[in-house]
Amino acid sequence: MGDNSTMILNMGPQHPSTHGVLRVILELDGEVVVKATPDIGFLHRGLEKLAESKTYHQCIPLTDRLDYVAGMSNNLAYVLAVEKLLGLEVPPRAQALRVLLSELQRISSHLLWLGTHAHDIGAMTPLFYAMRERDEILFLFERVCGSRLTPSYLRVGGLAQDLPEGFEEKCREFTQTFNAHVDEYETLLTRNQIWMNRTQGVGVISTEEAINWGLTGPNLRASNGNWDLRKAFPYSGYEKYEFVVPTGKNGDVYDRYMVRMMEMRQSNEIVRQVLDKMPGGPVIAQDPKVIYPPKDRVQESIESLIHHFHLASAGFPAPAGEVYASIESPKGELGFYLVSDGTNRPWRFRVRPPSFVNLSALAVMVQGRLISDVVAVIGSIDIVLAEIDR
Amino acid sequence: MDLTAVVDRIKKEIPQSILGVSAFREETTLEIRAEDLLSLCRFLHDDPEMAFDFLIDLCGVDNLPREPRFQVVYHLCSTKTRLRLRLKVSLPGKNPKIASVFPVWKAADWLEREAFDMYGITFTGHPDLRRILLTPDWQGHPLRKDYPLRG
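Residue numbers (my numbering), protein chains in the order written: chain H, 1 to 390; chain P, 1001 to 1151.
These are computed hints drawn from the structure, not numbers from a lab. Just to be clear, a hint being listed does not mean it is correct.
Claimed, not checked - The list that follows gives simulated cross-link-like pairs (lysine-lysine, BS3-like), each with its CA atoms no further than 25 Å apart:
1. P:1094 / H:49
2. H:231 / P:1080
3. H:49 / P:1145
4. H:84 / H:49
5. H:84 / P:1088
6. P:1145 / P:1094
7. H:231 / H:84
8. P:1106 / P:1088
9. H:249 / P:1080
10. P:1145 / P:1088
11. H:49 / P:1088
Let's have the full structure, built from the sequences with the hints guiding it.
See below:
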């Protein structure tokens, strides 16, 4: 008996449901997936190599372009790593603002995930609602740093500059209406029979398997893995805020959906707490070897001008050594491993990409399921190819 | 359980594996002998006190012109003890080979493929060691220091 019973079907790299340039080679027996092999690298830009020829400050815009739907989170993970390497303390106001922006970023990323994931499965309405709220957040980011998607707003030692006038008020307005909007999204999907049939029991992965495959973020939490870096290894002052980490029981697509919906509500809560507890003070550390002098001084004093010039052209040297710093990004554990040789450029700039590791478990999740389940599972993992391929 | 206790346990069980211990910015790094890597990883994963269930990251580092040229760096994490540990294995520049830790953590699958793709380090025992980010016919290993940066 020849084994010509399976068919190879190519999905992607151009495909509306693969969320970027992802190719999945499906070996099918009828419509059942016997083996799914992802093929990545279409968006590989050599970011890690590029960073080796840039100063630590110049690497910040590179990090924006990793997970481009969560620029602030990428900035944060990177500057935390550099600050750890330098042993630099960040002032409390900068830490609070970093938390605020990271949580707004988490909401924005999850909204994009919601719209596109629901759209893939066939529910086209949530996309428009989610984009409406996401646009409000992007307008907030534009107020703060001039850019919607590539902020480059965080600096080694704090932030580029303080919040503009009117930001806190606009942000508070957003938090007041956001919960009601999440209720709207839930009325469309959570008890929708079609949604439940397409997502419940699909793409199941157990807790032990999830941990073994390195899954982090909502994917792990949906598989009953109570693990969130904001609670396990708090950074940037997260321990000051009260929030719940939602988990799911079954580890299927539906649970990943529920976990992210609840996370959006929790992020809204955190943003509100940060606004209430916001400390005053500087938004950047006082370390002349690393931090630029204030711009008005640069325009008046020759020493400040020279100082600024030196930092802009040569950057600052970091002590020789290596560090690993990571955050709970919307996709999972985003980490930076920096090796310094004592000069002003990183010797090794390694990004630990959550989407890359999360996607590697795809083959396990879709084994024995239908093609339409592949679409649902890819959406539920929440990948950004720019982070996978770098 | 803290990291000094972890290191002490390793020194008791597989003493010859540790070539060096260093600490920097409250992180502990262990230099491991290449031959003992797989058994050490099995121990760190399976032992109920160690419980390093997470392979967070696996990457290569090129230290040209120093010899040994390559290092493979493993970042481990334990959800039970909330500890992080870094293991480093040094490999020669000519024909760098190290055991694959895929039998212990499946997360190593794609991570090792990337280290192979970017550095040319061979992971023996890996189920499917081939390029992952670059095309299969690519020549050279881009993250090596003697590979040019070009557009």
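Evaluated hints:
Proposed proximity of residue 1094 of chain P and residue 49 of chain H is supported: the alpha carbons are some 21 Å apart, at most 25 Å. A distance of roughly 13 Å separates the Cα atoms of residue 231 of chain H and residue 1080 of chain P; the hinted pair therefore holds under the 25 Å criterion. Straight-line distance between C-alpha atoms of residue 49 of chain H and residue 1145 of chain P comes to about 9 Å, which keeps the hinted pair within the 25 Å bound. For the hint pairing residue 84 of chain H with residue 49 of chain H, the CA-to-CA distance comes to about 22 Å; that is within 25 Å, so the pair holds.
Note on residue 84 of chain H and residue 1088 of chain P: the hinted pairing holds, with a Cα-Cα distance of about 20 Å set against a maximum of 25 Å. Restraint check for residue 1145 of chain P and residue 1094 of chain P: the C-alpha separation of about 14 Å stays at or below 25 Å, so the hint holds. Restraint check for residue 231 of chain H and residue 84 of chain H: the C-alpha separation of about 19 Å stays at or below 25 Å, so the hint holds. A hinted pair counts as satisfied when its Cα atoms are at most 25 Å apart, and residue 1106 of chain P with residue 1088 of chain P qualifies at roughly 19 Å.
For the suggested pair residue 249 of chain H and residue 1080 of chain P, the alpha carbons sit about 19 Å apart, so the restraint of at most 25 Å is met. Of the supplied pair hints, the one linking residue 1145 of chain P and residue 1088 of chain P holds, its CA atoms being roughly 19 Å apart against a limit of 25 Å. For the suggested pair residue 49 of chain H and residue 1088 of chain P, the alpha carbons sit about 21 Å apart, so the restraint of at most 25 Å is met.
Of the hints listed earlier, there is not a single one the structure fails to meet.
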